[in-house]
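Peer 1: If you follow the hints, you should be able to join the two separate chains into one complex; please do so.
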Amino acid sequence: KQEVTQIPAALSVPEGENLVLNCSFTDSAIYNLQWFRQDPGKGLTSLLLIQSSQREQTSGRLNASLDKSSGRSTLYIAASQPGDSATYLCAFTSARNTPLVFGKGTRLSVIA
Amino acid sequence: GAVVSQHPSWVICKSGTSVKIECRSLDFQATTMFWYRQFPKQSLMLMATSNEGSKATYEQGVEKDKFLINHASLTLSTLTVTSAHPEDSSFYICSASGQGRTYNEQFFGPGTRLTVL
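In order, the protein sequence lines correspond to chains D and P. Position one of the first sequence corresponds to residue 1 (our numbering), numbered consecutively onward. Position one of the second sequence corresponds to residue 113 (our numbering), numbered consecutively onward.
Here chain P stands alone, though its shape is the one from the complex (with noise of 0.2 Å):
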């Protein structure tokens, strides 16, 4: 399968201060990614829909201003959180899908943990 990673696996930061997350496809190029958003004992939830080179799609509920999406190439995405605080706090998922891959077949980065104190 194909791979994608995430940068950082896991940060602590003061409530206030903004967090950048990446999610890279590193064997592919993703036309689409998606980030999606996981509390403790819950499922995944979709936040936003990333297609490179132009704006994300964000999900009802979900402020793009405070979680600003930039897909600048085919195989960077990143994730920032402005402002962050404790209710932020969550496991940050992206996926990748996009050219050359079998059936729009999705694969996950390994998440980035996030803290906010």
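Here chain D stands alone, though its shape is the one from the complex (with noise of 0.2 Å):
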């Protein structure tokens, strides 16, 4: 069964910090990988998809990198800011039109 970790489920920084947040996945035939941000109570807003021949894509402060030999994607965040605060989440998916296997997510919170 594939599975995605995120890692910390939660986290709370200083405005201005950089920060990492870590996901894991069990299958390394991923077909792209995606990272959401989603608000409380609100839908899921998409914020960077790699695909498997990638290693990174960048937007803005926001920076994620694919290693598929190792099972991982980080999303680095730079001079984070009280508005990145959001629960963000790491999905994947198999193949093409194949459903988004989801983590837990990582709560973060940026403290003003």
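Do not rely on the hints blindly, as some may be mistaken.
Restricting the straight-line Cα-Cα distance to at most 25 Å, the calculated cross-link-like pairs of lysine-lysine (DSS-like) are [what the hints assert, rightly or not]:
id : chain 1 : residue 1 : chain 2 : residue 2
1  : P       : K167      : P       : K178
2  : P       : K132      : P       : K178
3  : P       : K132      : D       : K42
4  : D       : K104      : D       : K42
5  : D       : K1        : P       : K153
6  : D       : K42       : P       : K153
7  : P       : K132      : P       : K176
8  : P       : K132      : P       : K167
9  : P       : K176      : D       : K1
10 : D       : K68       : D       : K1
11 : D       : K104      : P       : K153
12 : P       : K178      : P       : K126
13 : D       : K68       : D       : K104
14 : P       : K176      : P       : K126
15 : D       : K104      : D       : K1
16 : D       : K42       : P       : K126
Rather than coming from a laboratory, the hints here were simulated on the basis of the structure.
Peer 2: Listed below in structure tokens is the structure:
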């Protein structure tokens, strides 16, 4: 059974810090991996998508990396802001048009 | 990114009634839609995969007769919770992927919060 583990489950940091969220998965045969943000009571916002042939993607202050051999992905957030406070979910698909397998998320709080 | 809408955003109903939730892809044709359920402080759990024009594929433990899914067009999928009970109270989220979408990226609707009294 495919599983996604996210560490830590919760994280609280002061504003301005750089931080790393970790995601590990059991199935190395991934098609693509996505990082999402979810605000309380809201739906998901896609942040970054990494294809299996890629090693990283960047968008603004966010950088996501993928290491299939070790079964890990990281989301790096630079210069964190209070507005970054949310739950961050990592998920992957193993083939085209297949459902995403989600981790339980990391709940991030950035303190002003 | 692509836009996926859900309606209603929240609904409160009495036990025993049926509730229909709509998921629409607004600017692309969604050949595949997925329905997820999320309980408080839990991650998203897949309920079913819906392909346009064919029957949905349900995950183990999800009752197909209770959660009716229809994907009649490339822009609309519906989930009907029949004879809802309090234990069906949850956050239901759909996602869509399909024609013209880069790398099979999935886009999510804003979710529907169902409360069954």
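Peer 1: Compare the structure with each hint and give your call.
Peer 2: Now the hints, each set against the structure:
no.	hint	in the structure
1	P:K167 with P:K178	holds, 15 Å
2	P:K132 with P:K178	holds, 12 Å
3	P:K132 with D:K42	holds, 19 Å
4	D:K104 with D:K42	holds, 16 Å
5	D:K1 with P:K153	holds, 22 Å
6	D:K42 with P:K153	holds, 13 Å
7	P:K132 with P:K176	holds, 14 Å
8	P:K132 with P:K167	holds, 17 Å
9	P:K176 with D:K1	holds, 22 Å
10	D:K68 with D:K1	holds, 17 Å
11	D:K104 with P:K153	holds, 8 Å
12	P:K178 with P:K126	holds, 16 Å
13	D:K68 with D:K104	holds, 20 Å
14	P:K176 with P:K126	holds, 21 Å
15	D:K104 with D:K1	holds, 16 Å
16	D:K42 with P:K126	holds, 23 Å
Consistency note: the structure conflicts with none of the earlier hints.
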